[in-house]
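2 protein chains.
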Amino acid sequence: MGEQKQMKLAAYLIGTGMHVASWRHHSAQPNASIDVTYYQRLAQLAEKGRFDLAFIADSLAINHDSHPNILNRFDPLILITAMAGATSHIGLGATASTSYSEPYQLARQVASVDMISKGRIGWNVVTTGDATGETGQNFSRDVHFTHSERYQRAEEFIDVVQGLWDSWEDDAFTYDKEKGLFYDPEKVHKLHYQGDFFKVKGPLNIARSKQGQPVIIQAGSSEDGQRLAARTAEVVFAHKDNLQKAKEFYKELKDQLPAFGRKQDDLQILHAIAPIIGDTEEEAIAKHQELQDLVPTDVGLRFLSGYMGNIDFQAYSYDTPASEIDFPKVNGIQSQFDEMKKIIDTEGLTVGELYARLTNSARIDEFVGTAQQVADAMERWLEEEAADGFMLQVPLLPSGLEDFVEKVVPILQKKGLVRTEYNGTTLRDHLGLVKPENRFTRVLK
Amino acid sequence: MGEQKQMKLAAYLIGTGMHVASWRHHSAQPNASIDVTYYQRLAQLAEKGRFDLAFIADSLAINHDSHPNILNRFDPLILITAMAGATSHIGLGATASTSYSEPYQLARQVASVDMISKGRIGWNVVTTGDATGETGQNFSRDVHFTHSERYQRAEEFIDVVQGLWDSWEDDAFTYDKEKGLFYDPEKVHKLHYQGDFFKVKGPLNIARSKQGQPVIIQAGSSEDGQRLAARTAEVVFAHKDNLQKAKEFYKELKDQLPAFGRKQDDLQILHAIAPIIGDTEEEAIAKHQELQDLVPTDVGLRFLSGYMGNIDFQAYSYDTPASEIDFPKVNGIQSQFDEMKKIIDTEGLTVGELYARLTNSARIDEFVGTAQQVADAMERWLEEEAADGFMLQVPLLPSGLEDFVEKVVPILQKKGLVRTEYNGTTLRDHLGLVKPENRFTRVLK
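If you read the sequences in order, they're chains P and E.
No gaps in the numbering here: position 31 of the first sequence is 32 in the numbering used here, and each next residue is one more.
No gaps in the numbering here: position 86 of the second sequence is 87 in the numbering used here, and each next residue is one more.
It is worth saying that the hints were derived from the structure and are not from the lab.
Since the structure is predicted, the reported quantities are computational estimates derived from the model, not experimental observations.
Even for Gly, the Cβ is constructed at its ideal location relative to N, Cα and C.
Any given hint might turn out to be false.
[Said to hold, decoys possible] Capping the alpha-carbon separation at 25 Å, the derived lysine-lysine pairs in PhoX-like fashion look like this:
hint: 1; chain 1: E; residue 1: LYS6; chain 2: E; residue 2: LYS408
hint: 2; chain 1: P; residue 1: LYS288; chain 2: E; residue 2: LYS180
hint: 3; chain 1: P; residue 1: LYS211; chain 2: P; residue 2: LYS49
hint: 4; chain 1: P; residue 1: LYS415; chain 2: P; residue 2: LYS49
hint: 5; chain 1: P; residue 1: LYS178; chain 2: E; residue 2: LYS288
hint: 6; chain 1: E; residue 1: LYS288; chain 2: P; residue 2: LYS180
hint: 7; chain 1: P; residue 1: LYS288; chain 2: E; residue 2: LYS178
hint: 8; chain 1: P; residue 1: LYS264; chain 2: P; residue 2: LYS241
hint: 9; chain 1: P; residue 1: LYS211; chain 2: P; residue 2: LYS188
[What the hints assert, rightly or not] A few chain P residues that face chain E, going by a derived Cβ cut-off under 10 Å, partial list only:
hint: 10; residue: LEU61
hint: 11; residue: GLU179
hint: 12; residue: ASP299
Produce the entire structure from the sequences given, and follow the hints as far as they go.
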């Protein structure tokens with residue numbers, strides 16, 4: 002077997018937690034999403050648990066049906082800058098869109114935080130999913146980009162950003178006061194990028210950080226998304242319903258790496274889980290039920306209407322058997338409907354149960370239980386090659402993360418699956434990713 | 002006379018200082034421009050001096066002739082976020098361009114730092130001057146915007162940003178756990194902005210900070226720039242050669258306020274000065290000469306070539322009388338040429354002296370001298386209505402700012418011209434600007 006493989010851990014931080022009703026919990030601080038010290042404490046907690054990174058998601062539009070924790074929140078890059086100042090080792094990942102940003106600007110901001118944090122930053126590349134259907138309208142566009150446009154643009158965008166990040170060779174700045182030479186002009190490089198979407202000359206006005214380049218994170222699971230990930234991503238967040246599906250996705254994605262000249266360990270797959278820890282399994286399940294019971298009915302019905310496109314669920318009650326509803330065929334999200342119909346038919350769900358199922362952020366039962374049960378499940382997923390690690394979408398913060406760090410992490414550390422001390426200082430160090438050589442230095446060899 | 006008027010103070014922070022050769026000084030830390038703790042210490046120093054704000058400039062392209070301190074530096078918004086974490090009272094101003102940003106994105110990032118800093122942020126609105134002639138090419142444009150396009154776009158941009166900043170009324174978030182009401186839907190507002198450059202729906206996904214809205218800063222002195230400032234700016238940085246010109250500019254700009262329904266104190270004019278403090282006047286002058294002597298000749302000649310457009314100064318030496326050079330007429334920067342020719346003819350400068358004059362960041366002699374002399378000059382400018390305060394473009398950092406805070410500020414405090422303690426906590430508090438009412442709340446009254 003050789004050296005035991007350790008699991009990667011990421012903490013998805015979002016106000017009072019991933020659960021839509023978490024803010025109503027008696028322990029929740031409802032203004033958490035705009036409290037910077039709250040986020041700093043969570044990052045410190047994850048650092049105490051020796052996590053690889055803390056992670057901030059994003060969206061570029063909100064409406065009445067948005068998750069309460071995203072209605073009023075910080076820009077992710079600004080937030081992780083503040084979190085960097087309160088931590089020393091943990092990596093920090095921020096989401097930023099390739100559809101609504103300029104690559105020069107984004108390259109620069111991400112590089113700036115990477116420099117400030119001494120090489121602890123990851124950029125979560127999103128093409129923006131447009132849950133509200135209104136994102137384009139916040140950016141002077143009548144409509145959002147098509148799926149394929151988004152991914153073509155994203156591919157160019159990443160090429161530009163990574164190219165700009167190599168503008169300065171690591172020893173470009175000579176600072177020779179005597180001779181008056183601030184830098185060596187041979188060691189700064191223009192990019193001269195020309196693509197279908199972008200033309201960017203360069204050079205960027207900031208040098209590389211300690212880790213060379215920020216880490217590229219992605220979550221796309223569509224065909225386009227997987228292709229982009231196989232080509233460029235170093236961390237992928239996966240979302241599957243169960244171990245079997247996770248294993249299939251893991252293999253499918255890793256199998257695409259060689260075509261891009263990449264090795265298995267060049268891309269780490271972190272599976273999303275929503276752990277809830279109890280002293281007993283029953284207590285853990287009860288904790289989850291407590292959150293489900295806090296969801297206001299109208300929120301649930303509106304969520305279903307939004308999720309299902311053109312069905313008005315507000316005409317039904319939670320008790321209506323979902324099988325009584327006539328689901329029309331709708332273009333574009335047919336796979337969503339098909340999956341849902343299958344669940345409804347197989348399990349005979351009511352509307353309320355359907356909602357609970359769809360919003361159940363702890364939908365993988367293995368990760369709701371005692372600390373030992375959850376640690377064992379995580380070990381199993383790692384061993385079975387369903388994941389290289391986990392992104393924790395904790396339903397209720399901060400208590401759910403405290404439980405995990407205090408109760409599950411020590412078990413995982415005893416198993417040798419989680420580090421007891423950080424061995425390095427950069428996010429690449431933590432993830433076992435090599436510092437990328439500067440492309441221009443390479444060329445000159 | 003009534004209550005004595007106090008002066009506003011801003012510290013322009015830029016690596017080793019404004020002087021192009023400051024990095025070569027024996028006391029300079031040449032990598033200062035990418036050292037976040039260095040900037041944090043400078044902000045703390047300015048806070049100790051009870052400054053209103055610390056300020057970060059910007060550019061979106063670099064070339065061989067760029068000031069060494071801007072070749073490798075942080076994005077201003079990222080940097081002030083890190084500075085906010087190391088200070089508690091001082092305001093923080095960051096430059097961001099209306100020509101190469103999206104208003105939704107910028108509104109959000111500035112609002113995020115404003116929230117994090119508890120209301121201490123100012124946005125320096127620039128349309129981007131394009132010193133390198135290559136800025137557009139970093140943003141997929143063949144050419145930069147024209148001057149008039151830039152200002153039309155800027156006007157719309159500011160309207161959108163300020164409109165988005167009012168998306169949420171101050172009491173919109175009810176956090177009623179019992180009833181399950183996170184916010185009051187009547188108190189969130191879409192902007193529905195439709196202009197020639199932007200269409201932005203809103204709402205923004207972040208609420209107003211303690212100071213209501215970030216402060217709008219500008220520096221434009223062209224006709225378009227002044228008009229935009231008179232309409233929207235709350236702080237203006239002025240750059241004039243002497244007291245008389247400063248007084249004229251001050252009056253000219255303030256006189257334009259009533260047309261926009263604004264009062265004299267709604268816009269504070271801070272004049273740029275480059276103080277150098279010595280124990281004697283001779284010592285201060287010698288300090289400045291020491292920096293001038295550190296400028297490499299080729300840097301000076303290249304600077305002149307760049308500044309003068311199409312004259313190759315590298316064909317001349319520093320000793321050549323500038324009057325021997327044939328200055329062609331060039332479109333666009335004719336006023337620059339005319340001013341320069343006048344100086345050359347009147348004062349009989351050599352090429353070297355011409356360069357020293359143009360780059361002399363301490364070009365107003367009154368602000369080079371003993372602490373008492375500089376304090377007296379500042380008092381005079383305030384009394385004569387040449388400025389409401391000063392932006393300190395210190396030639397050599399950190400020592401020049403230390404001198405000012407330790408030696409000049411106490412004199413100004415004794416004169417009653419600078420506060421001894423902060424009275425408020427927000428940038429608006431410091432500047433005496435009222436917290437703007439939310440436009441949507443106003444409408445409903």
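Taking the hints in turn, this is what the structure says about them:
Between E:LYS6 and E:LYS408, the direct Cα distance comes to roughly 21 Å. Compliance with the 25 Å bound is thereby established for this hinted pair. For the proposed pair P:LYS288 and E:LYS180, the alpha carbon gap of about 20 Å is at most 25 Å, so the pair holds. With a C-alpha separation of about 22 Å, the suggested pair P:LYS211 and P:LYS49 falls inside the 25 Å cut-off, and the hint holds. For the given pair, P:LYS415 sits about 16 Å from P:LYS49 by alpha-carbon distance, which is consistent with the 25 Å threshold.
For the given pair, P:LYS178 sits about 17 Å from E:LYS288 by alpha-carbon distance, which is consistent with the 25 Å threshold. As the CA atoms of E:LYS288 and P:LYS180 are separated by approximately 20 Å, the hinted pair is consistent with the 25 Å bound. Proximity of P:LYS288 to E:LYS178 is assessed by CA-CA distance (about 17 Å); at most 25 Å being required, the pair is judged to hold. The straight-line distance between the Cα atoms of P:LYS264 and P:LYS241 is roughly 23 Å, inside the 25 Å bound, and the hint therefore holds.
For the hint linking P:LYS211 to P:LYS188, the alpha-carbon distance of about 17 Å falls within 25 Å, and the restraint holds. Look at P:LEU61: its Cβ gets to within about 7 Å of chain E, closer than 10 Å, so that hint holds up. At about 8 Å, the closest approach between the beta carbon of P:GLU179 and any beta carbon in chain E falls short of 10 Å, and the interface hint on this residue holds. The interface hint given for P:ASP299 holds, since its Cβ lies 8 Å from the closest Cβ of chain E, which is under the 10 Å cut-off.
Against the hints set out earlier in the document, no violation occurs for any number.
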